[in-house]
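Residue numbers (my numbering), protein chains in the order written: chain V, 113 to 218; chain P, 39 to 210.
Warning: the hint list may mix true and false statements.
If you only want the chain P side, here are some residues facing chain V, beta carbon under 8 Å, derived [as the list claims (entries may be wrong)]:
1. ARG60
2. PRO67
3. VAL69
4. GLY101
Derived by calculation from the structure, the hints in this document are not laboratory data.
Glycine included, C-beta positions come from ideal geometry on N, C-alpha and C.
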Amino acid sequence: MRRDVFQAIADPTRRAIIALIALQAMTPNALAEHFHTSRQAVSKHIKILTECELVKQEQQGREIYYQLEIKKMKEIDKWLEQFRKIWEKRFNQLDQVLSTMKKQKK
Amino acid sequence: MNTNLLFDFTVDKETKTVYVNREFDAALPLVWDAFTKKEILDQWWAPKPWKSKTKIMDFKVGGRRFYAMVSPEGQEHWSIQDFTSISPTTNFKFIDAFADKDEVINTEFPGSEWDLNFIEQADTTTVKIVIKHKSLASLEQIIQMGFEGGFTMTLNELEILLKNLKNKKNEQ
Chain V
113 MRRDVFQAIA
123 DPTRRAIIAL
133 IALQAMTPNA
143 LAEHFHTSRQ
153 AVSKHIKILT
163 ECELVKQEQQ
173 GREIYYQLEI
183 KKMKEIDKWL
193 EQFRKIWEKR
203 FNQLDQVLST
213 MKKQKK
Chain P
39 MNTNLLFDFT
49 VDKETKTVYV
59 NREFDAALPL
69 VWDAFTKKEI
79 LDQWWAPKPW
89 KSKTKIMDFK
99 VGGRRFYAMV
109 SPEGQEHWSI
119 QDFTSISPTT
129 NFKFIDAFAD
139 KDEVINTEFP
149 GSEWDLNFIE
159 QADTTTVKIV
169 IKHKSLASLE
179 QIIQMGFEGG
189 FTMTLNELEI
199 LLKNLKNKKN
209 EQ
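For reference, chain V alone in the conformation it holds in the complex:
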């Protein structure tokens, strides 16, 4: 199954996880404390986030810490920017069409 960043942010729990670890790296236990769901459920979300490369694990001593991949998050914005460009271009073309139509009417 193909995983992408959009799948990652489609779920409210995963968005909450992203928001939490964006502030500071967290251990699985610390992270689970913020949610009413089971630790397993949180782990499952973490797994998806890791597969989407939005979260990376870091071993510090005996503990595992989850960290946000800021670079990957920026990809989302970059991707949306492409969509904005399509609209911008489309509308610049419409400006031309409208201007021609106006002249023809006169």
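Following the hints, position chain P against chain V.
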């Protein structure tokens, strides 16, 4: 041409909704026609060098627009817009979906709901578009179809990469 025309593009990632607001230097009836008549639509809907080719335009509630985005190589990407509501010159709504050349809807990518509002000002007309996507994947599909927007992006990235490589070389 008036270069101070409003252009807003915002995306609410949580609700998967895209908002596009744009002001045009033309009267309302003209802008309405540009969005609802196939001869005019085909002149601007596809970002160049792509072309828009509308095969069917039945602009009425329950009617549909069946059109293709044609790539410079001649590859056709078909889409369907089913009109669900029309209030002449102020609003129309449609549900869009990807399709094949035989007008069969592609269910792999969920479609989106479009709501277009036309507002007349003194000399200009503002169009407010709200696009609700069922999944962001369908948005991604639009870009992956290979619009030049994406291609330009890649070229820009290449340019930056080349520049960085050059700078590094100079430092050595």
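Going down the list of hints, with the structure as the test:
| no. | hint | verdict |
| --- | --- | --- |
| 1 | ARG60 | 5 Å, holds |
| 2 | PRO67 | 10 Å, violated |
| 3 | VAL69 | 7 Å, holds |
| 4 | GLY101 | 22 Å, violated |
Checked against the numbered hints given earlier, this structure breaks hints 2 and 4; the rest are met.
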